[in-house]
Structures are given as structure tokens and as C-alpha cells.
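Colleague: Next come the chains, spelled out residue by residue.
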Amino acid sequence: MSAADSNLQDKIVAADSVCRRYGEGPAAVEALTDVTVQFARGRFAAIMGPSGSGKSTLMHILAGLDRPTSGTVTLDGTELTGLDDRRLTLLRRDRVGFIFQTFNLLPVLSAQENILLPLSIAGRKPEREWFDRLIDTIGIRDRLSHRPAELSGGQQQRVAVARALISRPAVVFADEPTGNLDSKASGDVLALLRQAVDDFSQTVVMVTHEAHAAGFADRLILLSDGRVAHDGDGSSVEAALERVKSGD
Amino acid sequence: MLDLLLRGFLQRKLRVILTAVAIALGVALMSGTYILTDTINSAFAGIFTIANKGHDVVVTPSQRLGSRVRSQVSPIDEAMLARVRSVPGVAEASGSIFEFAALLDTHGKRLTTGGAPAFVASVVPKRFESFSPVSGRLPAGAGEAAIDQFTAERTSLKLGRQIVVAGSAVARRYTIVGIVQYGGAQSFGGAAAAVLLLGEAQRVTGELGRYSQLDVAARSGVTPQALRARIRAVLPSTVEVRTGAQQAAKETTTLEENLSFLRTFLLIFAYVALFVGAFIIFNTFSITVAQRTREFGLLRTLGSSRRQILRSVLFEGALLGVGGAALGLLGGILLAPALDELFKSFGADLPTSGTVLHTRTIVVSLLVGLGVTLLASLLPARRATRVPPIAAMREGVELPRRRWLRWRPRVVPALARAVGALVAWRGITGRLARENAIRQPGRTMVTAAALTVGLALVAFVAVLADGTKATIDQAVSRSFAGNLIVESSQSGGREQGIPALIAPALRRVPGIATVTPIAFTVGRPRGSSENATITAVDPATFGQVYRIEWKQGSSATLQALEANGAIVSEGYAKSHRLKVGQTVTLLTPTERHVSLIVSGIVTDRTRLLGNMTISLALARAAFGQREDALDFVKYAPGVSNAQVQPVVDRVLAQGFPQAKSRTAAQFKQEEGEQINTLLALIYVLLALSVIVSLFGIVNTLVLSIYERTRELGMLRAIGTSRRQVRQMIRYESVITSLIGGVLGLVIGVVGAVLVTTFALSGSGFVQSIPLGTLAILLVVAALAGLLAAQLPARRAARLDLLQALAGE
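Protein chains in written order, with my numbering: chain A, 1 to 248; chain B, 1 to 808.
None of these hints come from the bench; they were simulated from the model.
One should not assume that every hint holds.
[As the list claims (entries may be wrong)] Non-contacting residues of chain B with respect to chain A, defined by C-beta distances greater than 12 Å in every case (computed):
#1 ALA45
#2 THR113
#3 THR155
#4 ALA249
#5 THR264
#6 GLN474
#7 SER528
#8 GLN552
#9 ALA563
#10 ARG626
#11 THR663
[Said to hold, decoys possible] Beta-carbon label-pair distances, calculated as ranges:
#12 B:GLN790 / A:THR33: 39 to 47 Å
#13 A:PRO26 / B:LEU310: 45 to 53 Å
#14 A:ARG87 / B:GLU707: 23 to 31 Å
#15 A:GLY23 / B:GLU707: 28 to 36 Å
#16 A:PRO50 / B:ILE390: 28 to 36 Å
#17 B:GLU707 / A:ARG67: 22 to 30 Å
[Claimed, not checked] Some, not all, of what chain A presents toward chain B, calculated at C-beta under 8 Å:
#18 LEU65
#19 LEU90
#20 VAL108
Where is the CB? At the ideal position from N, CA and C, for every residue including glycine.
Work out the full structure, taking the sequences as your base and the hints as a guide.
Modeller: This is how it looks when you write it as C-alpha cells:
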């Protein structure tokens, strides 16, 4: 399967000539330079790159957490560039799911309440069937009433995955989801993301610096100095990394 | 180390300011109180010094029963004046009048407002004259008067207009011929003064042939001290003889004593505010010490000793305390005039001139501010010293919990759940607010406790006041068997009597069956250092309008009062071991010794009857009681109020405009209003403590939000709107303030009920709980919480999403 799928209807997230500059004048730092990239529906994409390559910035801009200095971003048919804070918030609420490196569960809520949090915020009722299916998939049914402090790191991140999936968002963004986990737990979480893509046709965009993690993806985008250095098959991670490292 | 500290200080500007303000408000009230009372005292001292200029020796009635008690009949008469004049070395001696009286306009409206007093003074020989005309002249004819500048300006009375002077005799009209200053001051403490010719002043005050004071000038070559000694030798012990300087000092001291209650009253509220401030300092330091665990761990790793850590935290406290106190001192200078205005609006106008800032005020303010802050930061500072070096390496090293805090987690969640139910229906924001409030029960508790202190006092006072009103209502209904009560129209002025001439005048009104005068005086039992309060009644008629609850005795006992009998109140009899038949010897305000025989014992719920009740005739003869306090009026059977009260009011308006008549219902209502006025004043002063506690809530919220930055970032990322974030913070604040409010109300109400049950047992105090007021207080607490949340909520909503997610 080719990463550069030509069917434009299936582009769920697209960045067109995106630039992001921090600061003004000669001190300005360009984090992203003319990045054009698209993500297909129902695919698992990994964004990699060394520290400071702009991978997190790109994800933040794609998710509507940050605004590009120039260029446009379209998410599920909505152009983000012109949206005000209120509309961006609603968009994130309804169409975006997030998974963070530090889990970011609310310590005062139980696992179940954490999973349902996006729906609670939106004031919507959960679909029982979907919730049950999700719980069984991530396998924490017996821990639902526990608070995050009573869960292991892997369990917490699985709860976070469920939280990202509960509202069936157009796209889930995962920011270094395995960064704080041991290898066993990392494997579980990545398998779970893979399963979300395969079984639930969920679109996932993951930022990671672990080649192993990127191996779970369908597609790999490598950033270097704020530019796309490689865009290709997920299985070619090692080779791509080598290429980027050895010379531009 | 110091450098590090100062830099940290500047970085936490908002917290430092909020915390400093918490202490500054209490210090401001304290220094403001000192400044105000010092200013008042110095203003009066100035007045008294100028007023006593030219007086080498002054003769005044002695006040052996205390500075507030003097006979209504002056012991200084013509014979005494003659004797002083005959003393060698006296250049000139004259008598003068300076007495309380009511001053009114020709429509019967008082020239004074609120509780401010009014005086009648007489024109005296030029060398003794303290009044100086600013326009017009001093009176020269019987129908002329001069009034003080302050009153003239306030009431827009001009030369040529008329005023009414009502003293112990029938009121008279005088034409204003002069506007004067007293002792060079425009205002004499908000009091009004009218200057009349001596004879007129004596007549209107009922002191014909007598004087309030003798002023003496010495011949050149005779010192005031020497002259004082000579005069002292020829006068009886019923008068005091002082030099002019002594007299000014004495008047100033007396005034300071009388005003000291004001200082104490205000200082109580300042201490409450400081106490609340201490809570906030404690809480803020506890939170910041917890937040800086890693920093302290690092310092310890780098070789800081525990003592150094302790010192650095305490130094921060000291800096904050001095800063807050300095801020408070400045605030106090601004607050003093505001306090003056506050008292003015409650009817007490006090003279002030400039701002008197004694070194004592500065020292006390700084010391108290510093002391309170240091004390409050001591526990958190000790906690900081327990941070192990390892804390620098790991996140989330838990410090051992203090044992005495363990009970709190149980109270707070329970209360928060109950209170949180109010907001939980608002969905996830309400739910999260509740959970966040419970998260650190100790912190929430201390934050709420600051509010609890203020609200508990408010509730306590409210319950007490409501009970007092209910008690008066019940007592009046139970004991008063008449139709009208006549007393001075001066608000709160039962100390100001009414002329004894009113009773006979009212007896002539058709439809009135009984008029019984009642007077209040005091006497000092032999061997005691405290005065006994005495009520004087007319034994023949008192029983017809007042139901006495006898413990021992009967209506017949009342009749027997004529012959030096005394009825003693149950409480006084108990505490002084008095039995029926026993003899009590009293020193009276006229310096006479009177032996009374205890003839009965009564329970009195209205407190109309003092420690002892004697006959009015005896009070007139032996206690120098010229005026009455009240007249009770009873109608003949079948006569309606509408027929009689208007006639009574007409009689009063014509001859005695300082008095007014009230039915029992009107009386109860006006008593209630007076209590409400006092209550309002107390509320205003307690509001300061509540404001201080609001700063505490703001501070805690800001610090908590800072701790939860990453959580807030996540919430925003997954679609929580700014509005929802603000809502969440507001709910959390309301929950905290309601916890404080509920606890405060419970403590206040329970406290008041306990106090009234035990301390006032047997006094007939009627418990009454003002549910309406308490409900309003809860709403106020909730609104206060909302107000306190404004700034933190805005900060939380404005949080930069990406920075928040990045953490640290």
C-alpha cells in the first residue's frame, strides 16, 4: 500500500505549504518550512525526526493547537487557519483525539470517568455498545473504577487511548505515546493503536522518536530542520533513518 | 542566598502582592484606629487647653462615683461663689453653666444628628470666655443666643433666626445673635452648643442659683497652685478644685477614657482581620513550600543546612510581613478619615484635625504585621527543613503529614460533597470543581477557615441581636401594662433625661388615668468599688403600669418604698448576698450616705429595674436626681389611642420638644431599629475580615491552578472551552467559600446559642435564630466565592495551551 494515496476524498488531514516561525526579526527561528503533507483516512502515520526537527510543531499545527505563520491546514474538510479559539475548541472536542506522552489523565476521576471525559465536556451521552467494545479492546474492564494513581503506566496510557477514541474522532494525534513506558507496555499501546486503525478504521497520526514505534505505522514521515526529508512506507524506517542521518 | 530569595520573590509577584494585602488590611484597620483615636484625642486636648486658658483655678462638682456620674443638681451655689471671692489672691471669680440640653429648630427638629450631644453654656466674664464670635456677637439680652459655627453651617441657621432650647425646664425660644467657635475649634465633636446669658442658662437647665463650674483668676504674684490650695481649704468635698492646666488635663483624660471604648471596639475587628490574615499567610506558605520541594532538595544537596532553609523561608515571611505592614500603615492613614465618615454615617461625629501619626502607631503596626506573618510562616518553614536532599532527584516526594491535620480530610470531603451537589448538576465542570476542592482537603480547609472566622462572628452577632430583639419584644409585652412611653427623642439617649415637669403636664390631658415617672441613677454600696444601678419609681402609681415579677414581696412592698426601702434584683441579691430586711448603705452622686432596707426581691426581664429600685422622692432628695428618664402613661378605660396620643404629642411639642411619646409597638420597633443600626456597623467592620479571606481564596486558587497547569492544558486540548475552564474554577471557589460559609454559620449559631443559654441563663433571654439573615449570609458567601474566582478563572482560561502541555 502506497503512502501517497491519490484519492483526495480520503485526505482527512492536510497541510499545505505550512511555515511556522517563532519570534520576530533576525532572532526568528523557523520551526517548519513549507511543509505540505496529507494524511489518509483509516491510516496510521508516524512522524519522526531528531529533536528540534519540528515534528511536535507540525503535530500541534495539524491538531489546531498552534497556528501556522503561513500556509493552510484542513482537518476533516474544515480549514483551520481562519477559526477562532471557540471554533477550534469545538473542532478539537468533536473531531480530534489526543494521546500524550505523560498520559495526562485527571487524577481526581476514575478510569471510566477519564475515558468518558471528552463526551462529558461536550455534554453528550456515551454509546453503551461502543464504550463496551472499546473497554474490551483495551482490556481494563476490571480497573474502570480505579483512579489513575492506582494504575500502572501502561494501563494509564491504555485508558488515555480509550479516551482519545471514545468520541470517534476524525483523527487521533499521539504525541510520543510510548515515551514514558517500558518496552512491554509500549508494545501493548502500539498494538492497540494499530488495532484502532485496522478494526475501527481510525485515522492515527503519531509523533515518535522510536524507530520501533514507527514500525507499527503504515507510513513514515521524516522531518529534518523543519522540512519533510522522507515520506514513505512504514516498513522502511531503518533505511530511511539511515538516509537522513548519512546526508541530505 | 539572599539574592536567590529576592529573585524568587519578584517572580511570584502576584502571590506576594495578594499575601501582603491579606496582612495589610488588618494592619490598616489597626493603624487607622490608632490614627483616628489619636487625632480625636489631640483635637479635644487642643480644645480643652484653649478653653481653660485664663482660668487659674477651676471649681467643679466632684465625681467620686466615676467620671461619667455626676449629680443632676450641682453642689456649686451662690454661697460657694461668695466664699471663693473672699479668698485672698482672687482677682476675679464667676460661675458658669455648661450643661446638656436639647437644641431644636422652631419646627421641633433637633440641631444635632444621631447620638451627638448638645450643650447650653453661659456668657462669662471676658477673661474666662472660651467662645469667640466669628460673626455677630455674644448674647447680651435674655432672648438672645449664640450658636456654634459647625451647627450653624450644618443646619444653615443664620443670624436673626430662632432656636429652641429645651433643658430641665419648659423649652424657650431664643434669637440667634452670634455664630461662635469654642476653644478656637469649629466643631466640638459634632456636638451643638448654645450660649445664653447666665440667668437664662440657669433657668433653662433648671440650675437657678447654681453653677456647673466656678472660674477663678489669680491676682498677679499669686501662682495658680497657691491659689488652688487656698480655695481648696475653704470648700467642701462635694467639689473639686484644680488649676486651669490640671482641669484641661483632667478633661482630656476623661474624654480619652470615654473614647477608649471606641479604640477597643475597632481594635477587636482589626485583630479578627489579622487573625484571618494569619490563616492566609499560613496557607500560602504551606502551598509554596510544597511546590518548592525540589528546590529545597536541591539546596540541601548543594550543602544548605536545615537552619539555612528555615532562615530563608522565615526571611521571606519577614519581608512579606514588613512589606504588608508598611502597606497597611499607609492604608491606615487613608482609612482613618473613612472610619470617621463611617461613624458620622452612624450618627457619631467626632472632631478631627489633620492626621496624628504617633511613633507608637508606626512601631505597633510594623511589629504586629511582622509578628503575625512570622508566626504564621513558622510551621511551613519547619516543614521546608524536612525536605530530604533526595527530593531534588525525584518528583513527587511526599512530605510526612502533620498529625494534627489528619482529621480534616474527613470533614472537607463530606462538606464538599454536600455543597458540591449544588454545582454537580452543571455537568463535568461542576463535578471536576468538586473533586478539585476535595483533592487537598487541608488546603481547602484552611482557605475556607479564613472565611469561616468572619462569617462565624457575623452569624454570632446576628443571632445575638435577633434574640435581643425578641427578648425586648417579649419583655415589653409581658411587663408593660400602660399605653404610652414618653422619653427623649434623642436616639439611643436614655442617658439624656426628660424634664420632671412633663409628668404633671400630662396628668392634665383628658383620658389619661395614670402617669408614672421613672428615673435612673447610681449609688456606690459601702465597701464596693462598683456602682449599683438604681431605678427610681413612684411607689403609688408604678404598679398600675408595670407588672413586677416578685421573688419576695408583693404590691404592698412597693408602697413601702417611701420609707427608705429598696427592691433588689434577683441577680444582684444573689451576687451581693442580700436578704430582705438587710440594710445597705449607699454613697449617692451628691456625696451623701443613704441607708436602705431591702424590702423585696424581683426578677426583671426588661432590665427597666436596675440592681436596686427606690422611690423617686428619695432619688430627688438624696441622689440629686432632677430629671426623669421615662414616663409611663396609662389611659382611662374605654379611651382610644387616637383620642389621646395626638394631644400628648401636642403638649410635648409645645413645652418639651426634646421628648416624644411611643406606643408599646412603636417602642419595640424603634428598639429593634437601634439594634439593627449597631448590627450594621458591626457588619461593615467584619466585612473587612471577609475581604481578607477572599484574598486567601484568590491566592489558593492561583497556586492550585499553577499546580494543575498541565491538566488544564490537556482539558483545553481535548475540547474544553475557555468558558468551561472559567466555570470550573468559579465552582471550585464557590464550593470553598460555601464550606467556609456553612462552617461559619454553624459555629456562629451554635456559639451564640451556647453563650446565651449558659451565660444568660435565667435572665429571660429569648432565643431567636434569624433564618432569613443566615440564608442571605450563605448567598453572600457564594457570591464572595464567585468574586474571588474572577482573576484566577481568567488566568486559567488564558493559559497558553502549548506551554501548559509542555509542562514546567
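Colleague: Hint by hint, say whether it matches the structure.
Modeller: Cross-check of the supplied hints:
Under the 12 Å C-beta cut-off, the non-interface status given to ALA45 of chain B relative to chain A holds; the minimum distance is some 63 Å. Look at THR113 of chain B: its CB is around 56 Å from the nearest CB on chain A, clear of 12 Å, so calling it non-interface holds up. A cut-off of 12 Å between C-beta atoms confirms that THR155 of chain B is not in contact with chain A; the least separation is 61 Å. The Cβ of ALA249 of chain B sits about 68 Å from the closest Cβ of chain A, beyond the 12 Å cut-off, so the non-interface label holds.
Every CB of chain A lies more than 12 Å from the CB of THR264 of chain B, the least distance being 47 Å, so the non-interface label holds. The Cβ of GLN474 of chain B lies farther than 12 Å from every Cβ of chain A, with a closest approach of about 52 Å, so its non-interface assignment holds. Every beta carbon of chain A lies more than 12 Å from that of SER528 of chain B, the smallest distance being close to 66 Å; the non-interface claim holds. At roughly 69 Å, the least C-beta separation between GLN552 of chain B and chain A is larger than 12 Å, which holds for a residue marked as non-interface.
No beta-carbon of chain A comes within 12 Å of the beta-carbon of ALA563 of chain B; the shortest separation is about 81 Å. No Cβ of chain A comes within 12 Å of the Cβ of ARG626 of chain B; the nearest lies about 75 Å off, and the non-interface call holds. Listed as a non-interface residue, THR663 of chain B keeps its Cβ farther than 12 Å from every Cβ of chain A; the least gap is roughly 61 Å. For the pair GLN790 of chain B and THR33 of chain A, the supplied restraint of 39 to 47 Å holds, since their beta-carbon distance comes to about 43 Å.
Range check, PRO26 of chain A to LEU310 of chain B: Cβ separation about 48 Å, and the 45 to 53 Å hint holds. Judged by the Cβ atoms, the range 23 to 31 Å given for ARG87 of chain A and GLU707 of chain B holds: they are separated by roughly 30 Å. One distance hint, 28 to 36 Å for the beta-carbon pair GLY23 of chain A and GLU707 of chain B, holds here, with the actual separation near 29 Å. Separated by about 33 Å at the C-beta atoms, PRO50 of chain A and ILE390 of chain B satisfy the suggested range of 28 to 36 Å.
A hinted range of 22 to 30 Å holds for the C-beta pair GLU707 of chain B and ARG67 of chain A, which are about 28 Å apart. For LEU65 of chain A, the shortest C-beta to C-beta distance to chain B is roughly 6 Å, which falls under 8 Å, so the interface hint holds. Checking LEU90 of chain A against chain B by beta carbon gives a least distance of about 7 Å; that is within 8 Å, so the hint holds. Interface hint status for VAL108 of chain A: upheld, as the beta-carbon distance to the closest one in chain B is roughly 3 Å, under 8 Å.
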